[in-house]
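Chain Y is already provided as a structure; the job is to place chain G with the ligand on it using the hints.
Chain by chain, the residues run as shown.
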Amino acid sequence: MKAELTIQLAHGGGGRLSRDLIQSEIVSRFGNGPLEGLPDAATIPWHCDKLLFTTDSYVVQPIEFPGGNIGDLAVHGTVNDLCVCGGRPKWLSVGLILEEGLPLATLRKVLDSMKKAAADCGITVVTGDTKVVGAGQSDGLYINTSGIAEAIKGFSLSPARITKGDDVIVSGNLADHGFAVLAARKNINISSALKSDTAPVHRLVQALEPFAGEIKFMRDPTRGGLSAVLNEIVENRNINIQLNETDIPFSTCVKALSETLGIDPLHVASEGRIVLICSSQVTDQILHTWKSMPEGFGAQSIGVVDSGKGRVTIKTITGGIRIVDVPRGELLPRIC
Amino acid sequence: MKYIDGFRNPLAAKKIIERIEVLANLLKASGRKVSIMEVCGTHTMAIARFGIRNILPENIDLISGPGCPVCVTEAGYIDAAINLAKAGAVIVTFGDMINVPGSDESLAQCRANGALIEVVYSPSAAIKLARQFPEKNVVFLAVGFETTTAPMPAVIQIAEGEGIRNLSLLTAFKLVPPALKALMTDPELKIDSFLCPAHVSAIIGADAYKPFTGKEGVPCVVAGFEPLDILMAIDGILNQLVRNEASVENQYNRVVKPEGNLKAQALMDEYLQPVDARWRGLGLLPLSGLGLKNEFERFDAEKKHGITVKKGKEPSGCLCGEVIKGKSKPTSCPLFARGCTPDHAVGPCMVSSEGSCAAYYKYSL
Ligand code: SF4
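Sequence lines, in order, name chains Y and G.
This note's numbering puts the first residue of the first sequence at 1, with every later residue one more than the last.
This note's numbering puts the first residue of the second sequence at 1, with every later residue one more than the last.
Simulated from the structure, these hints should not be mistaken for laboratory data.
Being a predicted model, the structure only gives us computed values, none of them experimental.
A couple of the hints might just be wrong.
Distance windows between CB atoms, simulated [what the hints assert, rightly or not]: (1) G:S332 - Y:M293: 46 to 56 Å; (2) G:L11 - Y:Q281: 44 to 54 Å; (3) G:G214 - Y:Q61: 51 to 61 Å; (4) Y:S307 - G:S332: 26 to 36 Å; (5) G:S332 - Y:G165: 35 to 45 Å.
All residues carry an ideal CB built from backbone N, CA and C; glycine is no exception.
Just chain Y, with the same shape it has in the complex (with noise of 0.2 Å):
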């Protein structure tokens, strides 16, 4: 038998062998544009008046999961962040830091999904770095990118104009990213229809542009789930959101899980999923238009801005209402 290939302390010694798995695997990926080269920084067009930028860390656990893996995590996670404030993702910087003894095989097919997930958003890898670490300092792989968007016009985004009337509206099942990890990492095997939601959200954000001027906010429900980001909205403002808990969508195993592992799924992220509010003159025509896209057609409008002391509370199945609570602390640590 063929001795698995891996990766060796010297591969980021920046000697021969350096060099040799940045040829093979990187160039040939994404050398085909500003990184052709290999400048030691890249030069990028620019033809607008306002850029964003944003940057974030990967250390998933494991590196893949039901439904995708780090890599192109690490791609939808960055041009979310940089579609949800209202930007067209153009550039993007990949920093892969590598254990030693990590398979080849394992690197390769990250930056295969990399590749694919980077094709699909539109966005070009201009520049990057690769370091790697001994056996035992690091758990496999991490990413770093950082993404840089335009601007797209119309826009006007910020919490602090939401006001009562306006419309709470989510893209399609929430929460089904932290579910799979965690199932993944705990060996659950529930069901082979529990997979992550990584997906990109530039075709969602593109395709509002009509109304870009009526929406007021947009968020990827990443970490801490719905909960969190709809709670970091109202804290110290005096509006409330009341969501309606037979409104929210919810795939059947989140369901299941849930009441298994007694996780609340409003707390749990989503990697490929939109948070909106917007007035509610076109809160029809937003669901129209999303329920038309593949990526969308799970939308749902799930509550309504009120004036308040600055709660999120959900009518509950029962006619109840409860509080929606923030989460406590890391529910669940290195889900991305």
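Frame of chain Y; chain G with the ligand shown alone:
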């Protein structure tokens, strides 16, 4: 999953609530206010989570009872466990106990100072730890109601079978019926009915509530944990009250039998015997707990290590004792949500995931 959705059907809920309103109006017409005690902590959580308290007519009051095992265990028990840990024992416990304040510190604080305290999800994990640390005394914190108690005999059986000598149980098992008796006969409390626990009843059987019904008694309705289960049970209770009846009704008969789980009962009888037990808030209640029978005293941590569990010192200002009896609502405690929150809990009712204070804090408007 369809199964759960069946018990969460909003239309069905609406219908039952309408019936409840009609019955409540009938009772109101005769000047009656009704207090229903939900005995079990899991019910308390479900009631809060589905906002059931605030949809009930104003003359129907749900009060939370003593059904959170961690909450009724006194500070002195935590002290005893901490002393054993400090003497070098490995303490094995369910997670809920770890942050409960003892007289001076919690098990979590004790662990931070280097004591060996292991959190487990099932009692059988205590056996594994006993094998893993053959040179150490392993003490399992055996706290809980009939449901948690039921698997314990199997653990002792295994320990016996394998000749494991370093495992013992610090028992604080509690029985639900004696607590109901104490609450019913408390002159300060006026309880009109019990919403009886689901899992406990699966072990002891719905018939166990018969002594609390009849002429001098109150309606006792066994309910599951789904919102429709609870609403149906409230409907059943009000129905009985309107008709001036007081009988046992088993709304959860998809799981609970009249006689309970006879096999589990027999196994418990073989290893355990009723003992007087101390409850936070209720005090010493005769024959309200279970301890190991004399022939198994080598597994009894108190006897093995020559210790006695004392009452301990309750956190000052905490009204848990009153909350457990249903005499105070968590919100009437001056510390509630001010000095006492789940992140900085003063009393066990805020620490435990089934505690009334935690339920109110997490979900109440
Ligand atoms: S709020 Fe805190 S201090 Fe008050 S009764 Fe509850 S647990 Fe005790």
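Status of the hints after comparison with the structure:
| no. | hint | verdict |
| --- | --- | --- |
| 1 | G:S332 - Y:M293: 46 to 56 Å | 52 Å, holds |
| 2 | G:L11 - Y:Q281: 44 to 54 Å | 31 Å, violated |
| 3 | G:G214 - Y:Q61: 51 to 61 Å | 59 Å, holds |
| 4 | Y:S307 - G:S332: 26 to 36 Å | 28 Å, holds |
| 5 | G:S332 - Y:G165: 35 to 45 Å | 36 Å, holds |
Checked against the numbered hints given earlier, this structure breaks only hint 2.
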